[in-house]
Amino acid sequence: MIEVNDLSVTFRHAGHIIPAVRGVSFAVAEGETFGVVGESGSGKSTILKAIAGLVKADAPSLKINGQSLGLTRSKADRYLMQFVFQDPYGSLHPRQTVDDILREPLLIHGVADAAEKVTVALGDVGLLPLHRFRYPHQLSGGQRQRVAIARALILRPRILLLDEPTSALDVSVQAEILNLISRLRRSYQLTSILVSHDLGVVAHLCSRIAIMQSGRLVEVLDVDSLRRGRAKQAYSLELLSASRGFSRSPS
Amino acid sequence: MSQSPLLEVEDLSVSFPGRGGITRAVRNATFSLGRERLGIVGESGSGKSTAGRALLGLVPPPGIVTAKRMSFAGLDLISLRDVDWQALRGRRISMVMQDPKYSLNPVIKIGDQVQEAYRLHHRSTSEEARRRALAMLDAVKIRDPDLVYHFYPHQLSGGMGQRAMIAMMLIAEPDLLIADEPTSALDVTVQNQVLRILDDLVTDRGMGLIFISHNLTIVSSFCDRVLVMYGGRIVEECQANALQAAKHPYTRALLKAAPSLDHPLTELAVVKRNPEWLL
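Going line by line, the protein sequences match chains A and B.
The numbering of the first sequence is this note's numbering, which starts it at 136 and goes up by one.
The numbering of the second sequence is this note's numbering, which starts it at -14 and goes up by one.
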């Protein structure tokens, strides 16, 4: 479904050249949830943004359903894939009601029956009719992230790109959102890529996981190897042991 | 060391009067601390940071702090005047905050900030303070202290910045360190390095440490004892290594809600809140 082939992204800033992603390749099968983990600055979010066309890759390196895509995304591409961002506080327009926010993608793509679709979308993510005309500041963090997920799914995309969807949330709220994501990807047969720094979250949702370090893909593990700590590369092992908590004996 | 505890708190409450009535951020918290690592865990709004701030007399107005007893090394904290707090804060009780980006002064060199913390509490020559600051930067495992001394905060990574903060807080050799989410802004591998530094310093200097965090994995692996807070109340107190066997339904629910590497689940448990927990 998604093929990323030798993706590189270079940022240029005030005379500095920053290679954010270097020669990353992977493929995601239809219906699969693929995970990308790494520490800050490893390039994991940049991969997602390059796929969505929010940052420009150095060269065209993406195929969706066997079709090569250029550096920018057409309106049709955007209908096909939608994005959920990390920060539920920053990703919703503060002066729009939930109803406005959910109508916007329908308006852009000229989809009919907006009112009805908004009702269904709210129900899908477990929000009540009373939330429909609230502003984002009147909602909790978890409720806002539900709105962001509803906005991404209201166009019925085939591909969902999730960038740290729960890292701004408390554990108990995170559990609700992860359950919601896993239910929705089943009922809408979504193919998705989930970026996170939390190995527990990635292992919970993904079948295969790419480990990133300084812009490079270190290795791809299946979820079973990740759980058992069966990684080949030293960095992956270090990351795995570090996320199991503090240990007094020096590693 | 089985002397009287370093810190004793009985019935600590913090409330904030507001338009919608009084918000009770901390409710009747009772606990004590020896020369050990005490973890306080809870979700946002559980009152864990406010409790930490109350111990330093840093609850901002209009907050009201009340307690039956709040004593630190034999000193009554409730009746302390502002001047007395000044002598205590930084010198005997210190606090490390979450994010070095916001807690370091962006226009003062790292070394100067660290030595300022020393000179504020000790009479010394500038040469002596400088030497101490360098030694402290070395103690928090900053590789090239002479170089980093002259760096400004923006030139440091998150992990290095947090080490500089710890250096600043420990240079006055406090008896009690309150660390409020000291590693939450850091990557996991860096997080463990910073924890190891904190751990060594606490052990070597025989300090008491209050470690405030939302992360159950870290607290249970790092601390000796844990308090679990919910809605301003301490709902559970247990040995850190026995956290997995916690009894309170909230703690149990919280443990089950976090996706774990060892126990795959198809559906995560959702925390069902019970109003009785607040009674």
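Rather than coming from a laboratory, the hints here were simulated on the basis of the structure.
Each hint should be verified, as a subset may be incorrect.
[Said to hold, decoys possible] Cβ pair distances, simulated, as ranges:
| # | chain 1 | residue 1 | chain 2 | residue 2 | range |
| --- | --- | --- | --- | --- | --- |
| 1 | B | R258 | A | S376 | 27 to 37 Å |
| 2 | B | H233 | A | M136 | 41 to 51 Å |
| 3 | B | G30 | A | Q231 | 23 to 33 Å |
[What the hints assert, rightly or not] Sample of chain A residues with no beta-carbon within 12 Å of chain B, all distances over it, derived:
| # | residue |
| --- | --- |
| 4 | L313 |
| 5 | Q324 |
| 6 | G380 |
It should be emphasised that the depicted structure is a prediction, and the values quoted were computed from it without experimental measurement.
Glycine included, every Cβ here is placed at the ideal spot set by N, Cα and C.
| Are there hints from earlier that the structure breaks, and if so, what are their numbers? | Numbers 4, 6, in rising order.
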